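Whole structure, please, built from the sequences with the hints as guidance.
Protein sequences appear in the order of chains Z and U. Residue numbers are given in my numbering: position 111 of the first sequence equals residue 111, and the series is strictly consecutive. Residue numbers are given in my numbering: position 104 of the second sequence equals residue 104, and the series is strictly consecutive.
The reader is advised that the hints may include incorrect statements.
Residues from chain Z that keep clear of chain U, each with C-beta distances beyond 10 Å, as calculated [said to hold, decoys possible]:
| hint | residue |
| --- | --- |
| 1 | GLY39 |
| 2 | PRO41 |
| 3 | GLN50 |
| 4 | VAL68 |
| 5 | GLU69 |
| 6 | ARG75 |
| 7 | PRO83 |
| 8 | ALA87 |
| 9 | PHE90 |
| 10 | MET93 |
| 11 | ASN95 |
| 12 | GLU100 |
| 13 | GLU101 |
| 14 | LEU125 |
Below, a list of computed lysine-lysine pairs in the DSSO-like style, where the Cα atoms sit at most 30 Å apart [unchecked claim]:
| hint | chain 1 | residue 1 | chain 2 | residue 2 |
| --- | --- | --- | --- | --- |
| 15 | Z | LYS63 | Z | LYS45 |
| 16 | Z | LYS45 | U | LYS123 |
| 17 | Z | LYS63 | Z | LYS123 |
| 18 | Z | LYS123 | U | LYS38 |
| 19 | Z | LYS63 | U | LYS123 |
| 20 | Z | LYS45 | U | LYS38 |
| 21 | Z | LYS63 | U | LYS38 |
Everything labelled a hint here was simulated from the structure, so no lab data went into it. Computed from a predicted model, the values in this text were never measured in an experiment. In this text, a Cβ means the ideal position worked out from N, Cα and C, and glycines have one as well.
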Amino acid sequence: MSMMKVFQIAGSALTAQSVRLNTTASNLANADSVAGPDGQPYRAKEVVFQATQMGDGYSQGVKVNGVVESAAPLRMNYDPSNPAADANGFVAMPNVDVVEEMTNMISASRNYQNNVEVMNTAKTLMQKTLTIGQG
Amino acid sequence: MNRLDDALRFQQTALNLRAKRQELLASNIANADTPNYKARDIDFASTLGRALQGQTQPLQMATTSAAHIGGTATGADPNVMYRTETQSSLDGNTVDMDVERANFTENATQYEANVTFINNLFKTMGQAVSGQ
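Structure representation (structure tokens):
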């Protein structure tokens, strides 16, 4: 039943978008984390999406190809009294762009909702299909 | 049996095609944030026409000289086409969510209409068989 594939496609998008939402959450939570577990300032993480073939040529789902660290330079804060400050009195802060994270969050949540809608429609259509010949 | 088959074939082919298109549109919506993803769709009328005539062979390579080697495209369905984008985006993605959602809803409604037609067809056939 080919309508079943819609569930797989939308499901893959839900997974991908929730990974993105997770990444955004950790980025926002760590926007001010001077030192991470490795002693280095936290670096913003970004997910990379990739279209992936599902069965025949018609359906393409999404998969998370990887989570990469942002290459943006660290934010340098002048704070000589901070124990993490360097010789010039600058503290390296995470390169998290809060505005970018917020837009990412909105985009991820809207897309998640869209795909839930797609699933609901597919479900309605399948239920209709199952009633063929019953009326 | 052949008569019943013939009567149902149009609706059955159309329903299958609607399901396929639903899949395509779901792929477009799912990949709304995938860089370089190109939105795809089919021309329903012409694809249905071809499917009814049984012409669903893969794309043939044109040979304009006797020395050319013929061949057929594998995998890709020749009916699936890329959508023309109205507003380009920086990451090379051509999914326009308004267009996709509109098409998705339209296709779902058409699918439901198709199911209704099939049900009515069955009712008509049942009446014919029972002779009332």
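Quick check: which numbered hints come out false for this structure? As far as the earlier hints go, 3, 14, 16, 19 are violated by this structure, in ascending order.
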